[in-house]
Structure formats: structure tokens, C-alpha cells
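Quick mapping for you: the protein sequence lines, in order, are chains Y and P.
All the letters of the first sequence, read from the start, carry residue numbers 1 to 362 under the numbering used here.
All the letters of the second sequence, read from the start, carry residue numbers 1001 to 1362 under the numbering used here.
Read the hints as simulated data drawn from the structure, not as lab findings.
Do not rely on the hints blindly, as some may be mistaken.
[What the hints assert, rightly or not] Only pairs whose alpha carbons sit at most 27 Å apart, straight line, appear in this in silico DSS-like list of lysine-lysine: (1) P:Lys1301 with Y:Lys301; (2) P:Lys1148 with Y:Lys148; (3) P:Lys1301 with Y:Lys243; (4) P:Lys1148 with Y:Lys3; (5) Y:Lys313 with P:Lys1148; (6) P:Lys1128 with Y:Lys128; (7) P:Lys1296 with P:Lys1003; (8) P:Lys1296 with P:Lys1317.
Protein chains: 2
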Amino acid sequence: MTKDMTTLKTAIIERFGTPCAVIDLDLVARNIVKAQERCDAVGLANRPHIKTHKSPMLANLQIKAGALGITCQKLGEAEVMANAGITDIIIATNLLGAARSGRLAALQSHLPLKVCADNTVSLSAYSKAADQAGRPMDVLIECDTGQKRAGVETPQQALALARIIRDDPYLNFAGLLFYPSLDGWPRTQLFFDNTAAGLSDLGLSAKIVSTGGTPNFAHIGSLKGATEHRAGTCIFNDRMMIKAGVATLEDCAFQVFTSVVSRSGPERGILDAGSKTLTSDSGGLDGFGMILEHPKARIHKFAEEHGFLDLSKCDHKPAIGDIVRVIPNHVCVAVNMVDQLVAVRRGEIVDVIPVAARGMLV
Amino acid sequence: MTKDMTTLKTAIIERFGTPCAVIDLDLVARNIVKAQERCDAVGLANRPHIKTHKSPMLANLQIKAGALGITCQKLGEAEVMANAGITDIIIATNLLGAARSGRLAALQSHLPLKVCADNTVSLSAYSKAADQAGRPMDVLIECDTGQKRAGVETPQQALALARIIRDDPYLNFAGLLFYPSLDGWPRTQLFFDNTAAGLSDLGLSAKIVSTGGTPNFAHIGSLKGATEHRAGTCIFNDRMMIKAGVATLEDCAFQVFTSVVSRSGPERGILDAGSKTLTSDSGGLDGFGMILEHPKARIHKFAEEHGFLDLSKCDHKPAIGDIVRVIPNHVCVAVNMVDQLVAVRRGEIVDVIPVAARGMLV
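The shape of chain Y in the complex, shown without the other chains (with noise of 0.2 Å):
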């Protein structure tokens, strides 16, 4: 370790105490610029998904690096970013909850949303919001291609949805909105051109044709007509990015800053650092999280506040009181816990940035 990370850790937890999550900010705008220039590269517009950072503050960076617009996955979410002046923002997923409790039409009143729809429950809903709004909503049509989540699962549901939004003085039709499965390219293109030229024959014409997510960007370009992707991961990567092959260890922004605070048996150890941290979302990968400085340390258990450390492959075991630095499965989940990022460039505590999206449900 060298003697600038120690001096970091002990900032660190001298003035926050661990666990702690921790950004650093040259890794980030690093970060910012691969995903701007692999949507340049391919011509496409960059609309990164802000439920990653859930940081208006961060948003505003990817703006400013050539983003079109952003992402959301709640309107909790589009609401803060919207209160940091964000304009331009596409809420990917069906809202009723946010539908029905008044505050998509308080929004709408506010700008002009872009929000997905995947049946006609959502399409009511949102024509309803626009009417109180005073002020039509766009409207794009979420289509799976092989997810299984959301989305029309055929062109013929989405043309049906189409003529819906087109025939309804409150809704505009906006365009497609993917998530291919990373075999599901060739499938998506398909199901794409078949719903073009349904929609030529509605008079309609799709002005936004979305695709989506970091480990997509091994694809990113190959379905023609698309016109922008979204990612969120990748600003601050994972092990899940490593696994995917689109990110390298040297390209994870975030880490939490964790104690040994146990070390009752000879091959074992205690973080502080348990599920309300760290989430128990393994994302599909063994054990919860890489320590940086012990790599063949398996956390393989969380209690709440409590990490479990198998050190049995550990020819260097950490002692009580290290401090850590552990590389999540999911970042996404991660960033959810806490409600600011120490952030830190060339080793120095420079800021602390809220997340101010945290926890927004609804």
C-alpha cells in the first residue's frame, strides 16, 4: 500500500468513519468520456441512466460531456434532476404509482416528460396526467425482445399501442424503447423493422429509438435506426461490468471504505461493512464484493452490518483495524445505501456529493 493510500484511509475514516463510500472523481470523468465517445463513435446520442449516481450533480458532468439528455427509472428521480434544470429526461419504465398519487402530472406541468408505456393501463394514465398537466406527454413504447421484464412482446402489440398514442389528443408518440438481451441484437432488429414499417402505415415514424445498458456496449451501433443508448453502470463500473468484459478493475470509480473489526478464528474476519452496505445483490458472481487489498479474500455471507470473510486462500490475512477497500457486485445497489459519496481525486478528499435520489420509491 502505498504511503498515499494510508493517508487517504486514514482521512477517510478519521473524518467520516467506515464503512464509507467513496468516489473518485478523475476515474469518473474518465468514465464519462469512454461512454461519450463509444455513443460517438457509433453516432448515436448518449443518454446515460442516472439510477447509477442518482446525483444531479453527476448528471450535469455527463451533460456537459455530450449527453443529449438522461435517464430515470422513478419519477422520484426525474423530479431532483429536474429541480437541477435537467430538461431533456426519459423515465424508462410503466408509471402508476407516480400516475396516480398526482405527481407525473405536477411534473409534467413543469417540462415536458418523456415516459414508456408497454400497455394501456399506462397509456390512460398518462394521457390523464397530460390533460391535468395542460401540456401533452411523450410517449414511447417499451418493447422486449427477450428480457422478460417489461415491454410489448411483439411488433403487432406495439403498432396497437402506436394508433392508441396517435389517436389521443393528450399523448405525442415518441418512439421505441429497447433493452436487448446481449444475444437479443439480431432479434431487436427484427422486432425493430417490422414495427417501422407498421408505423410508416399509421403515419407515424419513431423520432427516438432507445437502446440500453453498460454490458450493451460490446453492441453498441448494431441496430440500425437506432438513434441513442442508454447506460448508467458504466460511470462507476463493477464487478459485474468486469464480468461482462466491457470494464477493468482499473476503471471502478466507486469503493467502500471498510473496517476489520473481527478476527476470532484463523481463516476468518468481520467487515463492518454487511447487507444494508454492500446489498446482498450478488448480481450472479461468487461472494459479495473484491477487496482490493486482499483479493483472494471471499466475502461469502452478510449479516445487516456485519461482512463475512473466508481468508483460508489468503497468504497475507488483514488484521483488526484495517481498513479496506472493497469493488461491489452492483454498483447500482451500492450507491442506493448511502446518502453521500466522499469524493476523492489524486488521493485528497475534495468533496461530498449527495445522492439525492436515494430512496426515491415512488
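Mind docking chain P on chain Y? Use the hints.
Just chain P, lined up with the frame of chain Y:
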């Protein structure tokens, strides 16, 4: 569904949107009384663990019902509870991050804390914090009898720490903290008996001998020499507690109200509650929560804001726009996702309770 429940669901979604975390105050009150009675019945003091609710208001209800004091897992939780006037607090972990940040000393200067240790590094940190605070600190020795989490593994180790505490001018030996595994009670008795004999030789006695865990209500009182019990989950209960046999569905006081937002396939659906609402903590159970209206539906997967429903076994399948209630697998981590709990009583919304110690990582 009763008319009352339809009315409540409408009130919840129109006022708060979905997903929304809801507690039933009558059930909470009943659960608080039950836990107190379980302790009273075996002559143990009740020291509820507030990590489950993180609410000073609910902690004060527990104290009003007879609890001697409370248990916290993080210093930040203790700070919130102390600010609300609670004075008898055990913090049941090795505190290193909080000690080095100065926050332990700061709180200790306001009120005498009871802290826990299983190692000499923690003891040194506590001694230094107590010195800074100008008030000696009560220390319990955490003893492991099977969880393989934190805690000394032998009576000899416990006694070695007890001697150091005895000889430290800033530390008071306060007792022993156990969290027996379900089958570990006979082992815990042996550990306690051997330790108690040794303590006597040191001129010490354990004023507090604490056992823990809601599932351990099944064995409460079976450790001769115990003085108190710490249980957290029992204030709300969840699927894990039902599985453990210490609660029924009717005892579950916490529910997430969530909307069905997509039904793209005949056998599947999507909830607007995903891993950022209910968390990926399965608690070792099948599926991620139980839907009261559709007990045969299986929440088989989460995305961050999507709950994936397998409806193949449901006779009656939910429609888009339906509001359903989910009992989580593990309520403690679900509560920790939200900033507030909507409190209802006999079907009426009566309060909004801040989860004041949410996200207290340190």
C-alpha cells in the same frame, strides 16, 4: 378484498404512490406487548434491537411497554435514539470506524454507553474514546457460540479481555453478549458457566448477560444466568419469522404496497417494487416476498425497480394497475430502504413515521 382494503389501497396510492412501505400500528402494538410478555414470562429484561425499525417513536413505544433499554447495531443508530431521550443503550458490535471518527467519544460524553468487544483493538479504541469523553465506558464481551460471526470463541479469551477491561481505568466490565445459534443453547450454557467461574476469580461478575434474536424466542430463558434478551424483527415480523415458527402471517405488521405495472405474458407480470425496495436478501427462502392477494404468485427475480412475477400457479391472476401487498422475506433490510413508514390503524392512514436512523452506516 374488503371494501375497507380497497379504500385503503386507493388512499395509499393517491397520497404516496407505489411502492409504499406501510405498517399497521395495532399489530405493531400487539407485537410489542407479545415480545415484552415473552421476556417477562421467563424473568428476563427486554432490550429490543431497534435495527428493525430505526424509529425513536417506535423505540419509545417499546420502552413504554416495559423494555429496559434498547440495542443498536451502529453508533449512528444510537445517536438518533439518544437524541430522542433514550439513555440505556447497548451497541452490539465492535465499533472501530465510529471510534476513529471521534463520534464514539462525542456520544459517550453525552451519555454512558454500553459497547461490545471481542478483541483488544476494540478495547483500546473504547478506552481512548472514554478518556476523551471524560467518562468510563461499560463494555460487554461478545462471545461466539456457533454463529461464527464476531465474538471470542473460548471462555479463556473472554477472561483475558475481562482482565484487560478490569485493569483499564476508562473501562468497566459490564457483562457478556451472546447470540446463540438455534441449536447452540447448551453450548452457550457451558461457555457461560466456565466464563462465570473465571470472572469470579478475577473479582468480576457479569451484571448483564444478554441473549439475542427473534427466532431464539423459541429458547428464551433456557440460558441459566441470562439477564436480558435482545430481539428486533418481532416488532414487525416477516416471512423468515413465519418460517422460523415464531410468528404467523397475522403477526406481520409491515407490508409493501406495490402496483402491478406490466403483464406482457399470460404467465408473468411486473411489480413496481424491485431490489431497491424489497432488497435481494432472500433470507434463504423461495421467492422474494409473499403477495397477500396472490399467495401462489412467485416473485422469482428482481431488477432494481422491477419485481418479476411468475403467475403460472395462480388461479386468479392480477391485472395491470392492481395494488398488491407484499410481506418481505426480511423486514429489517426492507425498512432500511425507505425514509418513512406510512402508519395505518383499522384501515385508516394515521401517521407517517420517519425511519430516522435509516442508512446509519457508521
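So, going through the hints one by one against the coordinates:
A hinted pair counts as satisfied when its Cα atoms are at most 27 Å apart, and P:Lys1301 with Y:Lys301 qualifies at roughly 20 Å. Distance hint between P:Lys1148 and Y:Lys148 is unfulfilled; the C-alpha atoms sit about 40 Å from each other, more than 27 Å. At most 27 Å may separate the alpha-carbon atoms for a hinted pair to count; P:Lys1301 and Y:Lys243 meet this at roughly 20 Å. Restraint check for P:Lys1148 and Y:Lys3: the C-alpha separation of about 34 Å exceeds 27 Å, so the hint is violated.
In summary, the hint linking Y:Lys313 to P:Lys1148 is supported, as the alpha carbons are separated by about 18 Å, within the 27 Å threshold. A hinted pair counts as satisfied when its Cα atoms are at most 27 Å apart, and P:Lys1128 with Y:Lys128 does not qualify at roughly 62 Å. Under the criterion of a C-alpha separation no larger than 27 Å, the hint pairing P:Lys1296 with P:Lys1003 is consistent with the structure, at around 23 Å. With a C-alpha separation of about 10 Å, the suggested pair P:Lys1296 and P:Lys1317 falls inside the 27 Å cut-off, and the hint holds.
In summary, the structure is inconsistent with hints 2, 4 and 6 from the numbered list given earlier, while agreeing with the others.
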